[in-house]
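Engineer: Model the full assembly from the supplied sequences, consistent with the hints where possible.
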Amino acid sequence: MLVNRRRRGVQAGSRRVLPVAALALLVVAGAHLALDAAVRPPRLDYQISTLDNGLTVVMLEDHSTPIVHLQL
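Every position in the sequence shown, counted from 1, becomes a number in the numbering used here once 17 is added.
Please note: incorrect hints may appear among the correct ones.
Label-pair ranges, simulated between beta-carbon atoms [to be verified]:
| hint | residue 1 | residue 2 | range |
| --- | --- | --- | --- |
| 1 | P59 | L89 | 19 to 29 Å |
| 2 | V85 | V44 | 39 to 49 Å |
| 3 | L61 | L89 | 19 to 29 Å |
Since the hints were derived computationally from the structure, they do not count as laboratory data. As the structure is a computational prediction, the values presented were derived from the model and not from experiment. Even for Gly, the Cβ is constructed at its ideal location relative to N, Cα and C.
Structural biologist: As C-alpha coordinates, then:
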(Lines of atoms letter the chains of each structure in order from A and count residues from 1; the text may use other names and numbers.)
(Lines give C-alpha, C1' and ligand atoms only; values in the text may rest on other atoms or scores of the structure.)
Protein backbone atom coordinates (compact mmCIF):
# COMPACT_ATOMS: atom_id res chain seq x y z
CA MET A 1 0.00 0.00 0.00
CA LEU A 2 1.35 3.44 -0.98
CA VAL A 3 1.03 6.25 1.52
CA ASN A 4 1.35 9.88 0.56
CA ARG A 5 3.42 11.49 3.32
CA ARG A 6 3.15 15.05 2.07
CA ARG A 7 1.29 17.48 4.24
CA ARG A 8 -1.63 19.15 2.65
CA GLY A 9 -1.57 22.93 2.56
CA VAL A 10 1.90 24.26 3.36
CA GLN A 11 4.64 22.60 1.36
CA ALA A 12 8.32 22.49 2.26
CA GLY A 13 9.30 24.92 -0.52
CA SER A 14 6.84 27.57 0.56
CA ARG A 15 8.29 27.57 4.09
CA ARG A 16 11.45 29.17 2.72
CA VAL A 17 9.64 31.76 0.64
CA LEU A 18 8.00 33.59 3.54
CA PRO A 19 11.21 34.47 5.47
CA VAL A 20 12.96 35.52 2.26
CA ALA A 21 10.01 37.71 1.23
CA ALA A 22 9.85 39.27 4.71
CA LEU A 23 13.59 40.03 4.62
CA ALA A 24 13.28 41.60 1.16
CA LEU A 25 10.38 43.74 2.37
CA LEU A 26 12.40 44.98 5.36
CA VAL A 27 15.38 45.85 3.17
CA VAL A 28 13.23 47.82 0.73
CA ALA A 29 11.37 49.62 3.54
CA GLY A 30 14.65 50.50 5.28
CA ALA A 31 16.14 51.90 2.09
CA HIS A 32 13.03 53.99 1.49
CA LEU A 33 13.17 55.46 5.00
CA ALA A 34 16.86 56.27 4.60
CA LEU A 35 16.14 58.18 1.37
CA ASP A 36 13.35 60.18 3.02
CA ALA A 37 15.64 61.19 5.88
CA ALA A 38 18.41 62.32 3.50
CA VAL A 39 16.26 64.74 1.47
CA ARG A 40 16.34 68.29 2.78
CA PRO A 41 13.80 70.93 1.80
CA PRO A 42 15.12 73.73 -0.40
CA ARG A 43 16.23 76.95 1.24
CA LEU A 44 13.71 79.73 0.59
CA ASP A 45 15.10 83.18 -0.13
CA TYR A 46 12.41 85.45 1.35
CA GLN A 47 12.42 89.10 2.37
CA ILE A 48 10.75 90.64 5.42
CA SER A 49 10.01 94.33 5.52
CA THR A 50 7.89 96.56 7.74
CA LEU A 51 5.84 99.38 6.23
CA ASP A 52 5.48 102.84 7.80
CA ASN A 53 2.08 101.91 9.24
CA GLY A 54 3.55 98.86 11.08
CA LEU A 55 2.39 96.19 8.64
CA THR A 56 4.94 93.41 8.26
CA VAL A 57 5.32 92.13 4.70
CA VAL A 58 6.93 88.76 3.92
CA MET A 59 7.80 88.38 0.25
CA LEU A 60 9.00 85.31 -1.62
CA GLU A 61 9.53 85.76 -5.33
CA ASP A 62 8.74 82.75 -7.50
CA HIS A 63 8.71 83.48 -11.21
CA SER A 64 7.60 79.98 -12.24
CA THR A 65 3.89 80.86 -12.02
CA PRO A 66 2.27 84.34 -11.98
CA ILE A 67 0.34 84.10 -8.67
CA VAL A 68 -0.25 86.79 -6.06
CA HIS A 69 -1.43 85.76 -2.59
CA LEU A 70 -2.70 88.21 0.01
CA GLN A 71 -3.72 87.18 3.52
CA LEU A 72 -5.25 89.70 5.92
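Engineer: For which of the previously enumerated hints does the structure constitute a violation, in increasing order of number?
Structural biologist: none
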